[in-house]
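Asker: So the chains spell out like this:
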Amino acid sequence: MSALTLAAGADPGFLSPTGVEIAFVLVGIATLGAALVSVTTKQLVHAALWLVVTLGGIAVEYLLLTAEFIAWVQVLIYVGSVVVLLLFGLMLTRAPIGRSPDADSGNRWAALAVALASAAALVWVVVDAFRTTWIDLDGPAQGSTKVSGEILFRHWVLPFEALSVLLLAALVGAIVLSRQSPADAPAGPDAPAGPGASAGSDKEHR
Amino acid sequence: MHLAYPAVLAALLFCTGLYGVLARRNAILVLMSVELMLNAVNLNLVAFDVWLRDTLHAGQALTLFTIAIAAAEIGIGLAIVLMVYRNRGTADIDRLRDTAEGHEPAPTTDAAPTADRATGAAA
Amino acid sequence: MSTTTLAVLVPLLPFLGAVAGLLLGRTAPGFVRPLALLPTLAAAALAVTVAVRQGGGKAVDAATELTPTGSVPVELALHLDGFAVLAAVLVGIVATCVQLYSTAYLREDPRYPSYAALVSLFTSAMLLVVYSGDLMVLLVGWEIMGICSYFLVGHYWETEAARSASLKAFLVTKLGDVPFLIGMFALAADAGSFRITKILGAVAAGGLDHPTLIALLLLAGVAGKSAQFPLHTWLPDAMAGPTPVSALIHAATMVAAGVYFIARLLPVFTASAAALVVMAVMAAVTMVGSALAALAQDDIKRVLAYSTIGQLGYMTGALAVADRGAAVFHLLSHGFFKALLFLGAGAVIHAAGTNSLTAMSRMGGLTRRIPDAFWTMTVALLALAALPPFAGFFSKEAVLVAAEQAAAGHSELAPTAAGWTVLTAGVLTALLTAAYATRLWLMAFRGTGEPAPDHGRQPVAMTGVLWVLAVPTVAFGLASDVIGDWFDGGQFLPTLLTSVLGTGAALLGAVLTYGLWQRASAPAPRVPAGTAATAATPGTAGTPRSGETAQVPAARPVADPGRTLLGPLHPHAAAGFHLDACYAALFVRPVQAAAGLVRFLDREVVDTYVRGAGTGTRLLGTLVRRAQTGNVQTYLSALLAGTVVLAVAVAVLANVNAGS
Chain A
9 MSALTLAAGA
19 DPGFLSPTGV
29 EIAFVLVGIA
39 TLGAALVSVT
49 TKQLVHAALW
59 LVVTLGGIAV
69 EYLLLTAEFI
79 AWVQVLIYVG
89 SVVVLLLFGL
99 MLTRAPIGRS
109 PDADSGNRWA
119 ALAVALASAA
129 ALVWVVVDAF
139 RTTWIDLDGP
149 AQGSTKVSGE
159 ILFRHWVLPF
169 EALSVLLLAA
179 LVGAIVLSRQ
189 SPADAPAGPD
199 APAGPGASAG
209 SDKEHR
Chain B
235 MHLAYPAVLA
245 ALLFCTGLYG
255 VLARRNAILV
265 LMSVELMLNA
275 VNLNLVAFDV
285 WLRDTLHAGQ
295 ALTLFTIAIA
305 AAEIGIGLAI
315 VLMVYRNRGT
325 ADIDRLRDTA
335 EGHEPAPTTD
345 AAPTADRATG
355 AAA
Chain C
23 MSTTTLAVLV
33 PLLPFLGAVA
43 GLLLGRTAPG
53 FVRPLALLPT
63 LAAAALAVTV
73 AVRQGGGKAV
83 DAATELTPTG
93 SVPVELALHL
103 DGFAVLAAVL
113 VGIVATCVQL
123 YSTAYLREDP
133 RYPSYAALVS
143 LFTSAMLLVV
153 YSGDLMVLLV
163 GWEIMGICSY
173 FLVGHYWETE
183 AARSASLKAF
193 LVTKLGDVPF
203 LIGMFALAAD
213 AGSFRITKIL
223 GAVAAGGLDH
233 PTLIALLLLA
243 GVAGKSAQFP
253 LHTWLPDAMA
263 GPTPVSALIH
273 AATMVAAGVY
283 FIARLLPVFT
293 ASAAALVVMA
303 VMAAVTMVGS
313 ALAALAQDDI
323 KRVLAYSTIG
333 QLGYMTGALA
343 VADRGAAVFH
353 LLSHGFFKAL
363 LFLGAGAVIH
373 AAGTNSLTAM
383 SRMGGLTRRI
393 PDAFWTMTVA
403 LLALAALPPF
413 AGFFSKEAVL
423 VAAEQAAAGH
433 SELAPTAAGW
443 TVLTAGVLTA
453 LLTAAYATRL
463 WLMAFRGTGE
473 PAPDHGRQPV
483 AMTGVLWVLA
493 VPTVAFGLAS
503 DVIGDWFDGG
513 QFLPTLLTSV
523 LGTGAALLGA
533 VLTYGLWQRA
543 SAPAPRVPAG
553 TAATAATPGT
563 AGTPRSGETA
573 QVPAARPVAD
583 PGRTLLGPLH
593 PHAAAGFHLD
603 ACYAALFVRP
613 VQAAAGLVRF
623 LDREVVDTYV
633 RGAGTGTRLL
643 GTLVRRAQTG
653 NVQTYLSALL
663 AGTVVLAVAV
673 AVLANVNAGS
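Protein chains in written order, with our numbering: chain A, 9 to 214; chain B, 235 to 357; chain C, 23 to 682.
Read the hints as simulated data drawn from the structure, not as lab findings.
A virtual CB, placed ideally from N, CA and C, is assigned to each residue, including glycine.
Treat the hints with caution; some may be incorrect.
Facing chain A, a subset of chain C residues (Cβ under 10 Å, in silico) [as the list claims (entries may be wrong)]:
hint: 1; residue: Asn653
hint: 2; residue: Gln655
hint: 3; residue: Thr656
hint: 4; residue: Leu658
hint: 5; residue: Ser659
hint: 6; residue: Ala660
hint: 7; residue: Leu662
hint: 8; residue: Ala663
hint: 9; residue: Thr665
hint: 10; residue: Val666
hint: 11; residue: Ala669
hint: 12; residue: Val670
hint: 13; residue: Ala673
hint: 14; residue: Asn677
Go ahead and model the full structure; you've got the sequences and the hints to work with.
Answerer: This is how it looks when you write it as C-alpha cells:
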C-alpha cells in the first residue's frame, strides 16, 4: 500500500524507463517469442527446447523482480527436471523427429480466436487497472534465500508439509498408472516397457 | 518498475499457453502449454508480491507451492499420457473421442475415463 | 336415553356392524352371523322404541354442526316425524327379516361375510336417509345405498348377467342422481339451507324462485331411485342379485327412498302444479306399463320386480295428488308384503330349482313341499291384488281415495288433471295387478306334472321369517284408522265408491285370469313322464338363475293366462316394451359413435401433435448432437470462449457503472 501511495505521488511515466525496466521488457519479449515458437513449431522436440528458453526467461524475470530464490527453484525444477520429463515423454510416445505437419489439430482457428480474445481482454483490464502502479525495487531484496527460508519455515510450515504429502500421493499415483499389470503386459505390441520407472524416479528426486 | 510490464507479460504468456492447450494435437505438447500457463501465473504472483511488500510473502510462498504442484501434475499427466499411448498406440488428443455421441464402447473399458482425466489435468 | 340419542343409534348400529363384519369376515367367520343379525335387530328394536316415544306427535328436531361449510351450512340433523319413525320401523323389521333369512338362504355362499356386511351398511344408509333432517346427510345415505345396491346386485359376479345388471343399476340411478344433485343445490340456494325444516319454512313463505325447475330436477333423481318410468329399466335386471337382496333393496326399502324423499319435501313439489301433473303422468305410465309387463314375464322374480315398479307408481301417484300420508301408508304396507313375496319367491325357487314360471307350471306338488311359502305367498298375493281385508287393500284404497278427492276438485293442492290421471290408471292397474298376481299363483302353485324334487324341509330361519312378515301383511290394514294420526292427521278409511271400483277391478282381473287358465289347461293332454323333467335342474337352489330362463322344450303348451290376456301385446310386454332397445338406439349407439369419433380424433389428430412434438425434439437433438464430437479441445474452447465473454461483459459493465 505504501508503494501505491508513493507511486501515486511521483509517477515516473512510461517514456523514461529505468535500466531494470529496459532489461525486463527485452527479456520479456524474448520469453514471449520463445513461448510463441514453442506453441507453434511443427517440430515436437524443438517445442520442448523452446520451452526451456521460455522458462529460463521467466527465471531471469524473477531475478529482475528481486525474487532470487524462486528464480533458482525455477531453473532447477522446470529447466532441470520438468523439461527433461517432457522430453522423456516425447521419446516414449515415439514422437517423430523433424517436422510433423499435423502438430496442430483442426481446432487451431478456434483456439486462436479464443486466445486472442482473452489476451485482448486480459491486457486491456490489466493495463487499465495498473497503468500507474509502480513497484519499488529498492531496499533489501524481498526474495532472497534467507527471507524465503524464514517465511517458508516460520509461516508456511503446515502447507509445506501438506505439500509433501501431495507429492508423495502423486508419486504413488504415477507409479500405479505407469506400472504394467501382468494382464495387459502382452496387450500393447508397441508399448515401451518401463516408462513409469523413470517418471517415478524423477518424481522421487524432486 | 511499472507493475504493468510483468502483468502484461504474464497475461500474454497465459494466452499463449491457452492457445497451445487448445490447438496442439500431441498430448505432451498440451502438457507443455499447461506449464506455460502455470508459469504465467507464477510470474504474476511474484510481481504482485514484490509490489505489495507482503510481510508474509504469500505470493512467493504460493509460487513455490505452485511449482511443486506443477511438478506433481506433470508427473501424473505424463504417466496418464503414456498409459493412453500404450493402450491406444497414439497420444493425439483429437483421436481420443470416446465421449462422442454415437460412439460405440471402446474395447478397453478404462480408455474413456483416462482421456477425461488427461484433459482434466490439462484444464 | 333421550329419543334423539336412540335415533342416532338406529343408523349407527348397523353401520358399526357392517364395519366389524367387513373387518372380521375373513379372520373370524364365527362372528359374521351374530354381527350381521344383532345390530340390525337392535336397530329395529330401537326404531320401534323411537316410534313409540315419538308417537306421531310433534316432530323431534335435533342438529349439530360439525364444521363450518360456507354460506350454506351442512348440519348433522335429525327430523323425526310420524313418517320418519314409521318408515324406520319398516326398514328395521324388513332388514332384520332379510338378515335372518339370508343366514339360511346363503349359508353355503363363500362371500356371505361381505354380503351380510353390505346389507348392514345398506340398512344403515337407509335409516340415515329416513331420519336425516339435512339434505346433504340424506344424500350421503342415498349414495351409499346406490353403491351397496351395485355391489349386492353384482353378488354373483361370475355370471355375465349379474355384472351387467349391477353396472346398469348403478349407471341408471346415477343418471338420475346428477339432476337430483343439481336440484338439491338449486333448492338449497333458494332456501339458503340444507335443513329440511328450513326449506319447508322457506317454501311455506313462498321463498322459492324456481319451484318447477327444482321439482323436476329432484323428480329425475327420484325416478332413478324409485324405478319410475323412464328410468325403471334397471330394476327388473337387478333381480340378478340374491333373492333376499331383491326383497330388501328392490322391494321394501331402497326403491322406497325416492317416494319417501318426495313425501318429505312434498310442499316443494306442490308449489308447482306442472311438476305434479308430470309426476302423475309418470306414475300412470309406470303403473300401467309395468303391470302389463309383469303379466308377460316368465321369471318369477321379474314378475315381482315389475309389480314393485307398479306399486311404486301408486305411491308416486298418491304424491302427485299431494297426499303423502297415503303414499307412505302404501309404502309401509307394500314394504311388508313385497318383502314377504320376494322371500317366499326365494323359497319357491329354492324348492323348484328354477326361476321360470313355465317350468314351475310343469311341476306338481310344489305346495306340499313348501307349505309355509305357499300359504304366506298366497296371503301376500292377495294383499298385492288389494283384496280386503289385507293390508294392500287399505293402503291402495287410501291412494285411490286421495286421487278421487283430487279428481273431484276437493284437494286444494293437487290439480284435477293429476287426480283423474292417477285414478284412471290406478283402477286399470288394480285390474292388471290382480290378473298377474293370480297368474303367478296359478302357474307357481297349481302346476301339474312331475312332482317337484325334494330338497327336504326348509330351514326355520326361512319359513319363520315368512310367517313373521305375514302378520303385518294381513293385519297392517286394520291400523289404517290409527295410522292417520301419525301422518298429517288424515283418515285412511276406504270410501264406498273407490272400494267398489278397486275391488271390483281386482276381482274382475282375478276371475278373468282364472277363467282363461282353466280354459287353457283343461284340454292339455297328460304328458309322458320324462319330457317335463327339464325343471329338475338340481344344483344348489340358493343360486337362482337370472334373466330370461332357458327355453323349456315345448313338450306341451303351457297354460299361461297372461299370453291369452295380452294377445298381440305379449311379446312387447315380455321385452319390457322394448325400452332397453330404445335406449340402445337413442343413447348407447350415439355415445359409442361419439366415442369412436373421439378415439379417431385422439389417435389421428391429437396424437399427430404429440408425435410431432417428439419428432421435433428428436430433430433438434440430432442437430445439437453434432456438437458432441468427443474432442475435448473443442469443448474446452467453447467453455473458455464463454468465460471470456462473461469476463468482458463484467469488465464492461463495471466500467460503465463506474463511469456513470
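Asker: The structure should be examined with respect to each hint, and the outcome stated for every one.
Answerer: Status of each hint after checking the structure:
1. Asn653: holds (7 Å)
2. Gln655: holds (5 Å)
3. Thr656: Check passed: Cβ of Thr656 (chain C) comes within 6 Å of chain A, closer than 10 Å.
4. Leu658: holds (9 Å)
5. Ser659: Hint holds; Ser659 (chain C) Cβ to chain A Cβ min 5 Å, cut 10 Å.
6. Ala660: OK, holds: Ala660 (chain C) within 10 Å of chain A, min 8 Å.
7. Leu662: holds (5 Å)
8. Ala663: Where the cut-off is 10 Å and the nearest Cβ of chain A is about 5 Å from Ala663 (chain C), the hint holds.
9. Thr665: Holds, because the Cβ-Cβ distance from Thr665 (chain C) to chain A comes to roughly 8 Å (cut-off 10 Å).
10. Val666: holds (5 Å)
11. Ala669: holds (6 Å)
12. Val670: Constraint on Val670 (chain C) satisfied, holds at 5 Å.
13. Ala673: Cβ of Ala673 (chain C) sits 5 Å from chain A, so the hint holds.
14. Asn677: Result: holds, 8 Å to nearest chain A Cβ.
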